[in-house]
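**Student:** Construct the entire structure; sequences and hints are all you get.
Chains as they are written, first to last, in my numbering: chain Y, 1 to 675; chain S, 1001 to 1160; chain H, 2001 to 2091.
Because the hints were derived from the structure by calculation, they are not lab data.
Only a predicted model underlies this, so the values are computations on that prediction, with no experimental measurement involved.
Keep in mind that the hints are not guaranteed to be accurate.
[Unchecked claim] Derived lysine to aspartate or glutamate pairs resembling DMTMM-like cross-links, with alpha carbons at most 25 Å apart:
(1) Lys2024/H - Glu1116/S
(2) Lys222/Y - Glu413/Y
(3) Lys251/Y - Glu2086/H
(4) Lys163/Y - Glu242/Y
(5) Lys2082/H - Glu413/Y
(6) Lys2082/H - Glu242/Y
(7) Lys121/Y - Asp2033/H
[To be verified] Derived coverage of chain Y by chain S (criterion: at least 3 residues anywhere in the stretch with Cβ under 8 Å from a Cβ of chain S; other residues may be distant):
(8) 273-282
(9) 308-315
Here a beta-carbon is modelled for each residue, glycine too, at the ideal position from N, C-alpha and C.
The primary structure of each chain is shown beneath.
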Amino acid sequence: MEVRVALIGNPNVGKTLIFNNLTGGRAHVGNWPGKTVEKKEGRCLHKGVEMHIIDLPGIYSLTAHSIDELIARNFIVEEKPDVVIDIVDASNLERNLYLTLQLLEIEANVVIVLNKWDVAKNLGYEINAGELSKLLEVPVVTTIATEKIGMEELKDAVIEAAKIKDGRRNPTINYGKPFDEIILKIASILQKDKDLSIKYPARWLAIKLLEADEEALKLVDKSPCKEELMRQLIEVKEVLGEDLETALAEKRYLIIAEDILPKVLRGARSLTLTDFLDKAFLSKHLGIPIFLALWWALFRFTFDVSAPLSDLIEMLFSKLGVIASTCISNPQLASFLADGIFGGLGGVLVFLPPIFFLFLGLALLEDSGYLARAAFVMDKIMYRLGLHGRSFIPMCIGFGCNVPAVMATRTIEKEEDRILTILVNPMMSCSARLPIYVLIGSAVLGAYAAAGTYSMYILGIVLAVLMALLFRKTIPYFRGKPSPFILELPLYAVPTVKAAVAHTWERGSLFLKKAGTIIFLGIIAVWFLSNYPWEAVHQGGETILENSYLGMLGKFIEPALQPLGFNWMAAAALFFGFIAKEIVVGTFATFFGLSGEAGGELSMTLRSAGILTPVTGLAFMAFTLIYIPCIATIGAIYRETGSWKWTTFAAVYGLILAYIVALIIVTFGRLIGFG
Amino acid sequence: MKQKAEEKHIVTYAIILGFIYTVFGAVEFTLGIYNLFTPIDNASFLGVAPADVFGGFAALVIGASYLSAMSLLKGVRESLGFILVGMLLSAVYGVIYLLIVCADGFRALLASLEGEAWTWEWLMRGSAGTGFLRPEIWLFFISLPLAYLTLRTLRQSDKT
Amino acid sequence: MFTSPLKSDLRMTAVIPLAMLREKCAAVIVEVDGGMGLTRRLAEMGFTNGTKVEVLHSTPPGPIVVMVRGARIALGRGLAMKIMVEPLEAA
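**Tutor:** The structure is reproduced here in structure tokens:
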């Protein structure tokens, strides 16, 4: 027997963990057709029954007002899964039941999971699960997902529910006078349309029409009953007023508070650890400094603790490269293997440790519940900068890699706010740019290398802010204030290793898949372009790079960059930085026939070759910070915005801004005598 | 009353810790800023507190959090939260600096495998500034008893 | 607009915006003064007329954290200015 199961629930209820518990962590991630939202599916075998589990987005309600809600709603109504698992946070019963009522109304075959049972207990709540089950006429399973308690009972309940799916109906939710009569009237009109009433539950559709639900209205547009329906609706509006949606929402909460909770919930909230911690984390004076301190700790963790792993990878691949070049006689093949393949793989994987460490750190901050407070604390500032409080987390992620950062903007509801965040995100100096700063810094800035690197990060943030403000003021599309900030603050909890690793892998694998392949191919491209035409380049044991395609490319671009003091090598390196910023250092290394390490030899060579001066070096760093986002990011931007217009804009404004800033640095530097 | 006395002890402990963190934080921060403009090689105060702008800032924040516990004396119960957060930050930094020192050691090991000479330099120098001597590491250990005491107080009050 | 009978004429005690409620104070929501989209959004999160809210954190001019229906919700201050509440006596 095969059973199709959908997972649904509010955000923060432990849905991801339960999904992982059920599917053993093996998920197939795709996209909902026609949308940019991710679709996660998995399988679970239990007592001979194969369960196909689909994870629906975390939502508070089933309206037509956001993509997430529509996706969930359409899936339930059109795909008609055998069972819908409604995951309810037991420590937050009242609010979570709102969605449950809507699920019952949409005639989903619901199994309620009361998760975080332990948290509810610790808060002092006593919940009568049996009574809840009786009232709502659906099975209720209590679980503690973090300890895998209740999973077997859940699977059993799902199978049982699937068996009795056909022929059962959910209890009717009564809204009282005058709503119920009107709902019945409209439902009966709807039932005259055979096509519609087979597909959609009449009562549910009637309620949606009363709420002026856009999608529902569209459905009814082609129906023969349309006129009669419209007449009824207009009449109703005249009597009851325009905003039935809010009125019905209020009614639902009333039902929960008066008819359900008193029979099901006992006990009261006591002062919790969360309240204590929030006193400091949300403190007027210490809130932001604490955030900055944690942020710095995250950075240190990301770069300094992961360093030995990067070293290890570097060593491994250069050893492999040496073996390849000594063991293979054909020089072209040897070079391809050593510099191309191994160089390429090494070049990608060396970035893996910092990125994974960053995402691990972020996952810990997020799972502990702190990140929501950080967003809250930064919202004041974000708002004044024309950004939404929710833009905050994507910007944090951007310091690791812009690709998952752009994707993380999905949680921002208002499209204008979302696109603005996406446009400004590439200013966050991703980890790929750091080796460039280190290389140039140690080459030409000497003792001030550290200051140079810090200044790049700060420059990035400053520019991001300026651009956000600029775009808000000048581009009509962005006029207006960011949408209002509403965020639920979860209880603080100790992050579990499992969940943290799962989240880390989720984001890190994105980098690996998207950026990884592109970087690898990019390095191979550099190898090719720098080694061919083979004979011209490799003359008598020497490598004359100016004869290669790479050199020709560099010389071609050179004139445009001359005012900035960049020569053809820098030009070629920048060109490849477009493909992936990680390649810039490698390109320089190729020019000097060295391994792609950012430190030591390469920077000394760079310095002695006199290619860059302190001033032009700084300008180069700034240029790489600002100019065009790498291809992987551009790809992500296109996927998230769905528009060539914005993607091109993102690419172009970066170039222009980079040129201007670099020019300013060079001119200013020359003026004060650094030359 | 016993609880009041215990609370007083906790606050005193926190204030002392807070003061120490603040002092070191100020030193690290100032040295760091100075270092940016007139770089000194391996700058550090007493060989213990390195020049570190952001690290110094962080230590100042930790100090401020502990010091804010003073309002506990005025009866604001939730100020225990400042101590808790101070402890969390102490732990975060203590552990991270420790990890960094270990990472440095690991890198030294890798370098020696590559043929470079082995040094013990990473113990006292390196990415964390002064290696094992970094104050935040020791202050973390010193803050552990405070953590125990505070959590015990919290747990007791829950039983009422 | 369909609202509860607590509106206008029957108001005897002071009704203030949620944004002005002090920390640790509780109140009952009387009216939500926004456009339809806003009102609905807030209603979904549990901010409906007659609901009790308690301010957990309020540090002007920043956002405000309230306890509503057992959940902690952070609201921007602009939003909190649009939710009208009637303060309850301190217990």
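**Student:** Now, for every hint given, state plainly whether the structure supports it.
**Tutor:** Right, here's what the structure says about each hint:
| no. | hint | result |
| --- | --- | --- |
| 1 | Lys2024/H - Glu1116/S | violated (63 Å) |
| 2 | Lys222/Y - Glu413/Y | violated (30 Å) |
| 3 | Lys251/Y - Glu2086/H | holds (20 Å) |
| 4 | Lys163/Y - Glu242/Y | violated (42 Å) |
| 5 | Lys2082/H - Glu413/Y | holds (20 Å) |
| 6 | Lys2082/H - Glu242/Y | holds (19 Å) |
| 7 | Lys121/Y - Asp2033/H | violated (37 Å) |
| 8 | 273-282 | holds (count 8) |
| 9 | 308-315 | holds (count 4) |
Consistency with the previously given hints fails for numbers 1, 2, 4, 7, ordered from lowest to highest.
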